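*Asks:* Be aware that the sequence shown starts at 1, since it is given in this note's numbering, and climbs by one per residue.
None of these hints come from the bench; they were simulated from the model.
Careful, some of the hints might be misleading.
[Said to hold, decoys possible] No farther apart than 20 Å at their CA atoms in a straight line, the calculated lysine to any residue pairs in the SDA-like style are these:
(1) Lys-38 with Ala-2
(2) Lys-38 with Pro-58
(3) Lys-38 with Ser-83
(4) Lys-38 with Ser-48
(5) Lys-38 with Ser-68
(6) Lys-38 with Cys-64
(7) Lys-38 with Val-25
(8) Lys-38 with Ile-67
(9) Lys-38 with Leu-24
(10) Lys-38 with Ser-85
Model, not experiment: these values are computed from the prediction.
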Amino acid sequence: MAAVFDDRVVFSFVPTGTDTSDYLVTYEVQVDGVIRVKVEQQWLEGISASHPIEITEPRGEEECVGISITIATPEGDEVLVSSSSVGGGVKRG
Numbered sequence: 001m002a003a004v005f006d007d008r009v010v011f012s013f014v015p016t017g018t019d020t021s022d023y024l025v026t027y028e029v030q031v032d033g034v035i036r037v038k039v040e041q042q043w044l045e046g047i048s049a050s051h052p053i054e055i056t057e058p059r060g061e062e063e064c065v066g067i068s069i070t071i072a073t074p075e076g077d078e079v080l081v082s083s084s085s086v087g088g089g090v091k092r093g
């Protein structure tokens, strides 16, 4: 899920169920096709429906922001592999 604001995008990954879990997260954020952030196997603790994974990226009004993400258990089992993008528009000259 993504929430788009005038100055940023917030990508949220919300686990289902009531359990709290730890995850290894690998992701890449691109803005207009240029890699802005690349993270390899970041350890995140205490993730739950009430404390989801959130990745915030600044953006300009007409920028397209995309994310590719893999979320895995501590044992390495992938629970989510996803790509999405938001924003963009006609560039004004």
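*Asks:* Checked against the structure, which of the hints given earlier come out wrong?
*Replies:* Hint 4 alone not satisfied by this model.
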